[in-house]
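Enquirer: Below are the chains, spelled out letter by letter.
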Amino acid sequence: MSETPVDAEEVEHVAELARVDLADDEVDAFTTQFAEILEYFEALDEVPEVESEADLVNVMRPDEVTDGLDQAEALQNAEETEDGFFKGPRVS
Amino acid sequence: MSLNAFITEAEIDPDADGPLSGQTVAVKDNISTEGVRTTCGSAMLDSYVPPYDATVVERLKDAGATIVGKANMDEFGMGGTTETSAFGAVKNPVNEDHVPGGSSGGSAAAVAAGEADLALGSDTGGSVRNPAAFCGVVGIKPTYGLVSRYGLVAYANSLEQIGPIANTVADAAALLDVISGPDPHDATTRFNASGGGPDDSAAESDADHPATDADYAAAADGDVDGTTIGVITDLLEGADDRVVETFEASLDDLRAQGAETVEVSLDSLEHAVQAYYVIAMSEASSNLARFDGVRYGQSGGYEGNWNDAFARAREEGFGEEVKRRILLGTYALSAGYHDKYYKKAQDARAWVKRDFDEAFEHADVLATPTMPVLPPALGESLDDPLQLYLMDANTVPVNLANLPAISVPAGEADGLPVGLQLIGPKFGEEAIVRAASAAED
Chain P
1 MSETPVDAEE VEHVAELARV DLADDEVDAF TTQFAEILEY FEALDEVPEV ESEADLVNVM
61 RPDEVTDGLD QAEALQNAEE TEDGFFKGPR VS
Chain H
1 MSLNAFITEA EIDPDADGPL SGQTVAVKDN ISTEGVRTTC GSAMLDSYVP PYDATVVERL
61 KDAGATIVGK ANMDEFGMGG TTETSAFGAV KNPVNEDHVP GGSSGGSAAA VAAGEADLAL
121 GSDTGGSVRN PAAFCGVVGI KPTYGLVSRY GLVAYANSLE QIGPIANTVA DAAALLDVIS
181 GPDPHDATTR FNASGGGPDD SAAESDADHP ATDADYAAAA DGDVDGTTIG VITDLLEGAD
241 DRVVETFEAS LDDLRAQGAE TVEVSLDSLE HAVQAYYVIA MSEASSNLAR FDGVRYGQSG
301 GYEGNWNDAF ARAREEGFGE EVKRRILLGT YALSAGYHDK YYKKAQDARA WVKRDFDEAF
361 EHADVLATPT MPVLPPALGE SLDDPLQLYL MDANTVPVNL ANLPAISVPA GEADGLPVGL
421 QLIGPKFGEE AIVRAASAAE D
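These protein sequence lines map, in sequence, to chains P and H. UniProt numbering puts the first residue of the first sequence at 1, with every later residue one more than the last. UniProt numbering puts the first residue of the second sequence at 1, with every later residue one more than the last.
Misleading hints may appear alongside valid ones.
Calculated lysine to any residue pairs in the SDA-like style (CA-CA distance at most 25 Å, straight line) [unchecked claim]: (1) P:Lys87 x H:Ala289; (2) H:Lys426 x H:Thr188; (3) P:Lys87 x H:Thr188.
None of these hints come from the bench; they were simulated from the model.
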């Protein structure tokens, strides 16, 4: 990325958007690696606009009721539940 | 010494007798098995137990197969060596100092070592063909839409298919016969394939699914006489000389059996790896947003601002390569960069598809070495992510174009396996199975 170099601040911003905390040494490593990888991606600039035909179309079906997971099954992998609900972090 | 091919050993019994009765199958650990933990090779899902079976698992059980374990893999399928697994690296049974390839490395290693007769992997950018090539076994990446993805934990859903791994082409094809077919739970398996394109008036499309009348195992008849094989010259240029030599010997063998070879060149392939990674990372950043530690996954028990709590849970649960891809995907989709990366990558994808269509006007199947290199030594390649991405040059174009491809052993160089990749036109599985069955010993 010659015109828009990736700096640590930008990596931290993207990490915040993606909801992934990073340790300081991860920020440093990613800053160097992202510069290299994004420079490689730059070559996409040479790709012409290409008309594409979609391979897939919408497929309609009747809206019929079928069995799904029951509440216990849906909740079985949650660390915390309460009264049949998922329980998220407590907001302080 | 154990190869570490399995994350969880389990015995799941068949529900019926069928074509796979008496056969054991290893199932990649990103394919849901009811009541048996499914980790995706990630600490995030260390204790995740699916409440339902993937469609392919139901089909295995109905066909008489016994599932013997959940196979080790690169975390969420993100890697080409199985070294990014949170459950430790897998050894290549052919030479235990080397990687088995990835991301379905446990699946291929289990088959190559005889720990399972057959295996299922998933292939997003080569993850079935790469480990099949590196372990000296057969792997098939089906046409997009041939096999249901219901119950496959998504990494990059527009690119991936579940595919079979086996010791012989006929066995891999027989497993494909079992797992392929339409599934009401996966809309991408439902379409009218009889015409030039999908017919939106055909709601009941089961009869039109290409697997319905196909017999892939029967196609493994070794009859390659009169077949035109297009050699993709662009993908030989960057390959290791020892790989190219083994590949050429395998083409000589096919010519001796009556096949004709022609050279083809696809200009778009120069941009395939970039396009693949932009699209795969973008889809990953979206698909992996669900792992917040609340509904499943490890939460770490943090409190306070929800976004902070999720970010800390995700820092702990995800490994380095997964974080790298989520962040790069988020970047590629973010305001100001979407048109520069994601839109351009979609243009490149359409260009690759068009180039393949043109190539199939001159050849029945296309051939490349499956991997441009020999299996790296364990620990050799993890420090340089870009170099690892470039190792996928020969496999990712197939996923971008939604095409079928098979990797079949071509021989060995320096005692390490080399794979021959044969690529078919859309739903041309029988053609690649036939040609591959002529190429195997």
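Enquirer: Could you work out which of the previously given hints the structure breaks and list their numbers from low to high?
Expert: 3
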